[in-house]
Structure formats: C-alpha cells, structure tokens
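J.: Okay, so the sequence shown: first residue is 0 according to numbering that gives the first Met the number 0, each after it adds one.
Some hints could be false.
[What the hints assert, rightly or not] In silico lysine to aspartate or glutamate, EDC-like type, Cα no more than 16 angstroms apart, as pairs: (1) K82 with D16; (2) K26 with E74; (3) K68 with D87; (4) K34 with D87; (5) K68 with E7; (6) K26 with D3; (7) K34 with D107.
[Stated by the list, open to error] Across the chosen pairs, the derived CB separations fall in these ranges: (8) L12 with G80: 13 to 23 angstroms; (9) S84 with R27: 14 to 24 angstroms; (10) A99 with Q10: 15 to 25 angstroms; (11) A40 with V64: 15 to 25 angstroms; (12) V85 with G8: 34 to 44 angstroms; (13) V64 with M0: 14 to 24 angstroms; (14) A40 with W66: 16 to 26 angstroms; (15) G80 with A40: 32 to 42 angstroms; (16) S84 with T41: 41 to 51 angstroms; (17) A45 with P65: 41 to 51 angstroms; (18) N14 with G80: 16 to 26 angstroms.
Derived by calculation from the structure, the hints in this document are not laboratory data. Built from N, CA and C at the ideal position, the CB exists for glycine as well.
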Amino acid sequence: MILDPVIEGNQNLVNADQRRSILEAMKRDSGGALKRRYPQATIAAAPTANAIQVRPVFVAPNALVPWNKLGARLELQTPQGQKYSVSDTFGISVLLRYRAEFVNYMYDQLATRLPR
C-alpha cells in the first residue's frame, strides 16, 4: 500500500498547484517503480493484514541552485512492524534532464536498491 507522500524541506520552491502535482506523481510513480521491481506484487488501495506500507518522501533543498541536491526516500514498514528506508540524492542537473519524468526516474533508482 502506498501511503500519502510527504515533501520535506523548502516547500515554497513551488506553488500549491505544482506541489499537488508533485505529490500525485510521487504516489503514482513510486507505486509504478515498485511494480516494475516486483512484477508479481499487488499495490493495495487500502491497508490489509499482509501489506507492506510504503511512504514516498521528497526532500526539497533550501534553494534551486546548481550545487544543492534533491533527496528522495522510500520508507517501508512490514506487517510485523519492521521499518526500512532507501534514499538517495540527485543534482539539479538530473531534474533538468528528466523534467516531467524526474519523479519517475527518482523512484526507479530507489527501487533498484531494494532486495529481489
């Protein structure tokens, strides 16, 4: 189950419409990345007893300058309560290269760090 995504850091870098669009992309694209990593998995719409809960997190920098990094994290919690996370940082140049597909790229990269 994909939980509501979270943006940490400076949320004022984008307006409310852009923020809503980013949050929607985080939920959709993190689920897509997990499905590509685990093709047999089912992404549940509601909590179930055996579901792993996943929260996508985006970490915004203080300012959009070339030397700052954007962060991404997937926080996972197993049905037994164990917590795991995978994270990475990405340069502004990666954002500019992937543009509308940046969130998709970001969570695909994180999914490759999860065990098979």
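J.: All hints are to be evaluated individually against the structure, with a verdict given for each.
T.: Hint check:
no. : hint                             : result
1   : K82 with D16                     : violated (32 angstroms)
2   : K26 with E74                     : holds (13 angstroms)
3   : K68 with D87                     : holds (10 angstroms)
4   : K34 with D87                     : violated (19 angstroms)
5   : K68 with E7                      : holds (13 angstroms)
6   : K26 with D3                      : holds (7 angstroms)
7   : K34 with D107                    : holds (10 angstroms)
8   : L12 with G80: 13 to 23 angstroms : violated (34 angstroms)
9   : S84 with R27: 14 to 24 angstroms : holds (20 angstroms)
10  : A99 with Q10: 15 to 25 angstroms : holds (20 angstroms)
11  : A40 with V64: 15 to 25 angstroms : violated (38 angstroms)
12  : V85 with G8: 34 to 44 angstroms  : violated (18 angstroms)
13  : V64 with M0: 14 to 24 angstroms  : violated (36 angstroms)
14  : A40 with W66: 16 to 26 angstroms : violated (37 angstroms)
15  : G80 with A40: 32 to 42 angstroms : violated (20 angstroms)
16  : S84 with T41: 41 to 51 angstroms : violated (22 angstroms)
17  : A45 with P65: 41 to 51 angstroms : holds (42 angstroms)
18  : N14 with G80: 16 to 26 angstroms : violated (38 angstroms)
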